[in-house]
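Asker: Please model the complete structure; the sequences and the hints are all you need to start from.
Residue numbers (the working numbering), protein chains in the order written: chain A, 1 to 288; chain B, 289 to 535.
Just so you know, the hints here were simulated from the structure itself, not pulled from any lab data.
Some hints here could point you the wrong way.
Facing chain A, a subset of chain B residues (Cβ under 7 Å, in silico) [as the list claims (entries may be wrong)]:
hint	residue
1	Asp369
2	Ala458
3	Phe514
A short, non-exhaustive set of chain A residues, derived as facing chain B with CB atoms under 10 Å [as the list claims (entries may be wrong)]:
hint	residue
4	Ile106
5	Leu110
6	Leu113
7	Ile114
8	Asp167
9	Ser168
10	Gln169
11	Phe170
12	Leu171
13	Arg172
14	Ser173
15	Arg217
16	Thr221
17	Ile223
18	Gly225
Think of the CB as a built atom: it goes at the ideal place given N, C-alpha and C, for glycine as much as any other residue.
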Amino acid sequence: MWELLFQPFADFGFMRRALLGCIAVSVGATPLGVFLMLRRMSLTGDAMAHAILPGAAVGYLVSGLSLGAMTIGGIIAGMAVALLSGYVTRMTSLREDASLAAFYLISLALGVLIISTRGSNVDLMHVLFGSVLALDDAALTLLCAIASLSLFTLAVFFRPLVLECADSQFLRSVSQLSAVTHFIFLTLVVMNLVGGFHALGTLMAVGIMILPAAAARFWTTRISGLISLAAAIALLASFSGLLLSYHYSLPSGPAIILVAGAFYFVSVVFGIQGGIVQQARTVRTAEF
Amino acid sequence: MTAAVTFEDYSIGYDRNPAVMHLQTVITEGSLTAVVGPNGAGKSTLLKGVTGSLSPLSGQISLGTIQCKDISYLPQQSEVDRSFPMSVGELVAMGLWREVGAFGGIGRAFKNRIAAALSAVGMDGFARRAIGSLSGGQVQRALFARLLLQDSQLVLLDEPFNAIDAGTTADLIDVVKRWHGEGRTIVAVLHDIEAVRAHFPDTLLLARELVAHGPTEKVLTAENQFRARQMCEACSGPPHTCTRHPL
Numbered sequence: 001m002w003e004l005l006f007q008p009f010a011d012f013g014f015m016r017r018a019l020l021g022c023i024a025v026s027v028g029a030t031p032l033g034v035f036l037m038l039r040r041m042s043l044t045g046d047a048m049a050h051a052i053l054p055g056a057a058v059g060y061l062v063s064g065l066s067l068g069a070m071t072i073g074g075i076i077a078g079m080a081v082a083l084l085s086g087y088v089t090r091m092t093s094l095r096e097d098a099s100l101a102a103f104y105l106i107s108l109a110l111g112v113l114i115i116s117t118r119g120s121n122v123d124l125m126h127v128l129f130g131s132v133l134a135l136d137d138a139a140l141t142l143l144c145a146i147a148s149l150s151l152f153t154l155a156v157f158f159r160p161l162v163l164e165c166a167d168s169q170f171l172r173s174v175s176q177l178s179a180v181t182h183f184i185f186l187t188l189v190v191m192n193l194v195g196g197f198h199a200l201g202t203l204m205a206v207g208i209m210i211l212p213a214a215a216a217r218f219w220t221t222r223i224s225g226l227i228s229l230a231a232a233i234a235l236l237a238s239f240s241g242l243l244l245s246y247h248y249s250l251p252s253g254p255a256i257i258l259v260a261g262a263f264y265f266v267s268v269v270f271g272i273q274g275g276i277v278q279q280a281r282t283v284r285t286a287e288f
Numbered sequence: 289m290t291a292a293v294t295f296e297d298y299s300i301g302y303d304r305n306p307a308v309m310h311l312q313t314v315i316t317e318g319s320l321t322a323v324v325g326p327n328g329a330g331k332s333t334l335l336k337g338v339t340g341s342l343s344p345l346s347g348q349i350s351l352g353t354i355q356c357k358d359i360s361y362l363p364q365q366s367e368v369d370r371s372f373p374m375s376v377g378e379l380v381a382m383g384l385w386r387e388v389g390a391f392g393g394i395g396r397a398f399k400n401r402i403a404a405a406l407s408a409v410g411m412d413g414f415a416r417r418a419i420g421s422l423s424g425g426q427v428q429r430a431l432f433a434r435l436l437l438q439d440s441q442l443v444l445l446d447e448p449f450n451a452i453d454a455g456t457t458a459d460l461i462d463v464v465k466r467w468h469g470e471g472r473t474i475v476a477v478l479h480d481i482e483a484v485r486a487h488f489p490d491t492l493l494l495a496r497e498l499v500a501h502g503p504t505e506k507v508l509t510a511e512n513q514f515r516a517r518q519m520c521e522a523c524s525g526p527p528h529t530c531t532r533h534p535l
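Answerer: This is the structure we're talking about:
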């Protein structure tokens, strides 16, 4: 048992680093995922994750696989897409989902184009799917810093953020914080996606944000419960995903996300808050 | 009698199309006023103008001694996301925002006030229930409890009793009357003429322009109501065909 579950982490530094990176991503990103889900913005998270790519790619062009350049580029591109699509939504007749989709498709294509003209396929794979097993000190520090910063900011802005989600009309009527809160929230999402993309890649980063939140929704109706359960699911998924990838030589990013996906499916079926089994039971009680 | 809200040749609307034109009247402090008129008469737009979320196209509105933070507003379609994982107590506690702000704690005294507000709207013991489990009428009761905590000088209600059963309406009208007794100024957009006659001393009859404003029995005459309907029909075409009616 020890060998199966803990030996890989005891023996190999890269596994410990990977685990720490995943813990940071899980703790920082899942609360944001809960809010994205509650605001019906789950797909927005996905779009933003793709939007980061050209920024990271430009960073890569300028200075190769450099952590700092790719991070800054990613944050700039993510924020630009978030703000531009918000601007197009407000100024034109296009709805938010359409303008967001347009922007992220453009930036995804741009990103892939930039990387593939200048880099190798290995680099492209690195950016798209991350490299959790090759996190260096700088990357780990960055992930932990992002997680700490976003947890602290969430704690401070928790009440306005809840209100912004539940009744933004009311928040606007009593306070000036509505727009600020929305902007801070988007910034945190972009930051965590950029952090997550170092570990899991742009395509997988949003998975660790959304899947645990979606799974948790089937078990609890309290926001505190949602956040802690989602974080717990993300941690478990990271741990077991890394083990799976170690024992069966699977790519680690997808393995982690697939374990989270397994939690999601189990929750869909057996969840006590509107899961399939529970719904079927309620219908049967109603019939008799 | 001091003025709570003064409209001077006040026009308001969206995209330069006025919904209310050349309004010239005064809502006195402590009055309980019903805003009545046909569909499309600009009633809801007028309330949004008073909250300040919509700027006037021309003319002026002045709020006397009332400041923006002394206004509470219950919109026609409240945008409360009822699927949000939040308890009734938490929803009502939002009404304390102006006192506790984004970061202040909600201590025992505030909790007692939340419980008292819930009790005042007949929702004793609902504090821990999820808002998703409430009926439409119960949500409206909870929103009234939130208004109670906001403790505002000027209360604006946009069709507060729409799609709500008679029992709830009666309870909420009692709440409105208690506010009136406490000297607050209340402006409510209403459709139910009988309820207006029974409970609202003043009425402002609107048909994109002012038809009449004063004591309810003098305003809600058959002649005035007929005129209001005619004025609204005349205005239902493109904006430029709508000319000003002699009052």
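Asker: Hint by hint, note whether the structure agrees.
Answerer: For each hint, the structure was consulted:
At its closest, the beta carbon of aspartate 369/B sits 5 Å from a beta carbon of chain A; the interface hint therefore holds under the 7 Å criterion. A least Cβ separation of about 26 Å between alanine 458/B and chain A goes past the 7 Å threshold, and the interface hint is therefore violated. The beta carbon of phenylalanine 514/B is not positioned within 7 Å of any beta carbon in chain A (closest approach about 36 Å), and the interface hint is therefore violated. Interface restraint check: isoleucine 106/A against chain B, minimum CB-CB distance 30 Å, threshold 10 Å, status violated.
Contact between leucine 110/A and chain B, as hinted, is not supported at the beta carbon level, the nearest pair being about 35 Å apart and thus beyond 10 Å. Checking leucine 113/A against chain B by beta carbon gives a least distance of about 39 Å; that is not within 10 Å, so the hint is violated. Nearest Cβ of chain B to the Cβ of isoleucine 114/A: about 39 Å, over the 10 Å cut. The hint is violated. With a least beta-carbon distance of about 5 Å to chain B, the hint placing aspartate 167/A at the interface is held under the 10 Å criterion.
Hint on serine 168/A holds. Least Cβ distance to chain B is approximately 7 Å, under the 10 Å limit. The beta carbon of glutamine 169/A is positioned within 10 Å of a beta carbon in chain B (closest approach about 4 Å), and the interface hint is therefore held. Because the beta carbon of phenylalanine 170/A sits about 6 Å from the nearest beta carbon in chain B, less than 10 Å, this interface hint is met. Given the 10 Å rule on beta carbons, the hint for leucine 171/A holds: about 8 Å separates it from the nearest Cβ of chain B.
Interface restraint check: arginine 172/A against chain B, minimum CB-CB distance 8 Å, threshold 10 Å, status holds. Using the Cβ-Cβ criterion of 10 Å, the hint placing serine 173/A at the interface with chain B is satisfied: the shortest such distance is roughly 6 Å. The criterion of a C-beta within 10 Å of any C-beta in chain B is met by arginine 217/A, whose closest approach is roughly 8 Å, and the hint holds. The interface hint given for threonine 221/A is met, as the beta carbon of that residue sits about 5 Å from the closest beta carbon of chain B, less than 10 Å.
The beta carbon of isoleucine 223/A comes within 5 Å of a beta carbon in chain B, closer than 10 Å, and the hint placing it at the interface holds. Contact between glycine 225/A and chain B, as hinted, is supported at the beta carbon level, the nearest pair being about 8 Å apart and thus within 10 Å.
Checked against the numbered hints listed earlier, the structure breaks hints 2, 3, 4, 5, 6 and 7; every other hint is satisfied.
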